[in-house]
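Undergrad: Here's the letter readout for the chains.
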Amino acid sequence: MNQPVIEVKNLVKRFGHFTANDHLTFSVEKGEIFGFLGANGAGKTTAMRILCGLSSPTEGEAMVAGFNVKEQPEEVKRRIGYMSQKFSLFEDLTIWENMRFYSAIYGLSAKVFKERATRLLRDLTLYEERNRLVSTISLGWKQKLAFSVAILHEPSIVFLDEPTGGVDPITRRQFWEMIYEASSRGITVFVTTHYMDEAEYCHRVSIMVDGRIDALDTPGGLKKQFNAANMNDVFLALTR
Amino acid sequence: MNRFWAFVKKEFYHIFRDYRTMLILFAMPVAQVLIFGFVISMEVKDARIAILDKSKDEVTRDITGRLLSSGYFKAGGYLDSEKEIGDAFNFDRVKMVVVFEPDFSQHLNKDGHGAIQLIADAADANTARLLTTYCEGILAGYQQEINQSQLSAAKLLVPEVRMFYNESLDDVFMSIPGIMAMILLLVSAMMTSISITREKEFGSMEVLLISPLKPFQIIIGKVAPYVGLALINAISIILMGYFVFHMPVKGSVVLLLFECLLFTILALSLGIFISTIAKNQMVAMFISMFGLMLPTILLSGFIFPIENMPLPLQILSQIMPPKWFIVIVKKVMLKGVGLAYVWKETLIIIGYIVFFVTVSVKKFKIRLE
Chain W
1 MNQPVIEVKN LVKRFGHFTA NDHLTFSVEK GEIFGFLGAN GAGKTTAMRI
51 LCGLSSPTEG EAMVAGFNVK EQPEEVKRRI GYMSQKFSLF EDLTIWENMR
101 FYSAIYGLSA KVFKERATRL LRDLTLYEER NRLVSTISLG WKQKLAFSVA
151 ILHEPSIVFL DEPTGGVDPI TRRQFWEMIY EASSRGITVF VTTHYMDEAE
201 YCHRVSIMVD GRIDALDTPG GLKKQFNAAN MNDVFLALTR
Chain Z
1001 MNRFWAFVKK EFYHIFRDYR TMLILFAMPV AQVLIFGFVI SMEVKDARIA
1051 ILDKSKDEVT RDITGRLLSS GYFKAGGYLD SEKEIGDAFN FDRVKMVVVF
1101 EPDFSQHLNK DGHGAIQLIA DAADANTARL LTTYCEGILA GYQQEINQSQ
1151 LSAAKLLVPE VRMFYNESLD DVFMSIPGIM AMILLLVSAM MTSISITREK
1201 EFGSMEVLLI SPLKPFQIII GKVAPYVGLA LINAISIILM GYFVFHMPVK
1251 GSVVLLLFEC LLFTILALSL GIFISTIAKN QMVAMFISMF GLMLPTILLS
1301 GFIFPIENMP LPLQILSQIM PPKWFIVIVK KVMLKGVGLA YVWKETLIII
1351 GYIVFFVTVS VKKFKIRLE
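Residue numbers (the numbering used here), protein chains in the order written: chain W, 1 to 240; chain Z, 1001 to 1369.
Because the hints were derived from the structure by calculation, they are not lab data. Some clues are possibly wrong.
Chain W is faced by these chain Z residues, among others (derived, beta-carbon under 8 Å) [what the hints assert, rightly or not]:
#1 Glu-1011
#2 His-1014
#3 Gly-1203
#4 Glu-1206
#5 Phe-1290
#6 Gly-1291
Here are a few chain Z residues that sit away from chain W, every Cβ distance over 10 Å (derived from the structure) [to be verified]:
#7 Asn-1002
#8 Lys-1083
#9 Ile-1116
#10 Glu-1136
#11 Ser-1204
#12 Leu-1213
#13 Met-1309
#14 Leu-1316
#15 Lys-1335
#16 Trp-1343
#17 Leu-1347
Glycine residues also receive a C-beta, built at the ideal position from the N, C-alpha and C atoms.
Model the full assembly from the supplied sequences, consistent with the hints where possible.
TA: Quick look at the structure:
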């Protein structure tokens, strides 16, 4: 491991007088599952948008997959995947059409797409359903499928913005198995979540409070540091 | 380029799989043209006409008989002087007055021509036009007959058409250019603003922006299908106008389509602009409806003549982009003029495109910050 794919130094983002991100400094290694926690409005989304090249920092530096997000956002975008709870796949397209669309905008050739999509759908036991409209499949399947689509182009990092919101516990567990599988293949997973049991699954967790990172360690380390029984208590101790 | 085509393909899936979109795109233009078509192109039957015969001779009586027995017209009164014409229109519900000059048959026999004035009530401009045309047809038939049966020099009936209340027949054929402006605005501005705000609302815009697609590719990809669809609509409206309204296309079809394309691009830039200010699909739709559709219908001279509006509204109507398109379409279709006569209006439209695209790009960048 030990090879940082995300390196953030003194990252500041201000909107007028409001400071959304206040001197963030952290790094994430290759293949790591990095939990990015914080209360609503703590500045997680802003930081994530900067790392994805959607917005540029006011001060400081952020390198993602070896490129500066401010100077080479296009290079960054090519090397990352993104999935959010709010939107996963186009409802009025079939599973196959959705996959073909994403693989095309990430520049995969038709041959590579067909190979990977077929393998992936067989793994998910969804191959027979590939011509169904996404609107007809369940939320759990949608989210699992969306995650697979987000890593179809084999990015170095995948950003997951509350990927398991509203999903049942069994599907969440399956979802995390998929995350582990991706991580074992060397894909870095940068995930935000409000489920503290999921925070326990992460290799390392950062907790943001009012625009700053107040804690960053392994779940075990954090529990020791805050003398807490679980991540829930750690979170409450920090944000209350 | 592959990325871009994949995106356009996705847009077509969105369009073709939403039956409401399909209805607006394809059923509505046809319905609009047909509704306007049937309202306007009614058959002339038993229209009331008044006769002002200053000659009262054999020939004028003969012609009057012809007109009244044609089935198109029926007698709505006989007038004694020009002063009664206004009243005939206003109180006797007469649609047209036929005036024979004094000593009509003498003129016809001696000088070889007799003058007949056809005065129509052009408040209903389409009917007025139809009535005078029918009447001229009957006169031409009569003229042919008298010339065939006699060996003397040819005699000419000289009808002179005059329109009351609306001399220049301004709103004849006004509806087709108006409907065209309306449909192109609807398809291009409303549908694109809705489809772009839909991506924002569903959160898919974020996913697309994070992808290697560039923002301009996303926007062009979103509007590209509508350029094609709007042009199909424009062509079908012109065709329907030609067959239903008998509206001529006197000018160059290429120029006409070019202007349609230009106006479509203007409408698309308006749609993009709306999508930068609207938060969701509902707002986008309302802005399109009340900010674009209603003013187009009310202020661009489509239904109400601009000259009759109060001054502030006249000024406002000058600002309406569709007004200029309607002027162009009217000139090209009805007057058959070339680009040399519509370059000013064309430049105004191009100016609007530049303006809205610039503002949208600025707004879009601010949103990304």
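Undergrad: With 10 Å as the threshold, tell me whether Lys-1083 (chain Z) passes as away from chain W on beta-carbon distances.
TA: 69 Å, holds
Undergrad: Verify that the Cβ of Met-1309 (chain Z) lies farther than 10 Å from every Cβ atom of chain W, and report whether the claim holds or is violated.
TA: Given that every Cβ of chain W is farther than 10 Å from that of Met-1309 (chain Z), nearest at about 44 Å, it holds.
Undergrad: Confirm or reject: Ser-1204 (chain Z) is not an interface residue toward chain W, with every Cβ-Cβ distance exceeding 10 Å.
TA: 5 Å, violated
Undergrad: Can we keep the Glu-1206 (chain Z) interface hint, with Cβ of chain W closer than 8 Å?
TA: Since the shortest Cβ distance to chain W is 7 Å, the answer is holds.
Undergrad: Would the hint on Gly-1291 (chain Z) be counted as holding, given a Cβ-Cβ threshold of 8 Å to chain W?
TA: 28 Å, violated
Undergrad: Taking 8 Å as the limit, does the beta-carbon of Gly-1203 (chain Z) come near enough to a beta-carbon in chain W?
TA: 3 Å, holds
Undergrad: Against chain W, does Lys-1335 (chain Z) hold up as non-interface, every C-beta pair farther apart than 10 Å?
TA: 45 Å, holds
Undergrad: Are all beta-carbon distances from Ile-1116 (chain Z) to chain W longer than 10 Å?
TA: Correct as stated: the minimum Cβ-Cβ distance to chain W is 65 Å, above 10 Å.
Undergrad: Verify that the Cβ of Trp-1343 (chain Z) lies farther than 10 Å from every Cβ atom of chain W, and report whether the claim holds or is violated.
TA: Correct as stated: the minimum Cβ-Cβ distance to chain W is 40 Å, above 10 Å.
Undergrad: Next item in the hint list is Glu-1011 (chain Z). Is there a CB on chain W closer than 8 Å to its CB?
TA: Violated. Min distance 10 Å.
Undergrad: With a cut-off of 8 Å, does the beta carbon of His-1014 (chain Z) approach a beta carbon of chain W closely enough for the hint to hold?
TA: Holds: closest Cβ of chain W sits about 6 Å from His-1014 (chain Z), inside 8 Å.
Undergrad: Just want to verify: Leu-1213 (chain Z) was marked as not at the interface with chain W; is every Cβ pair farther apart than 10 Å?
TA: The assertion about Leu-1213 (chain Z) is violated, with a minimum of 5 Å to chain W.
In this structure, the hints that do not hold are numbers 1, 5, 6, 7, 11, 12, in rising order.
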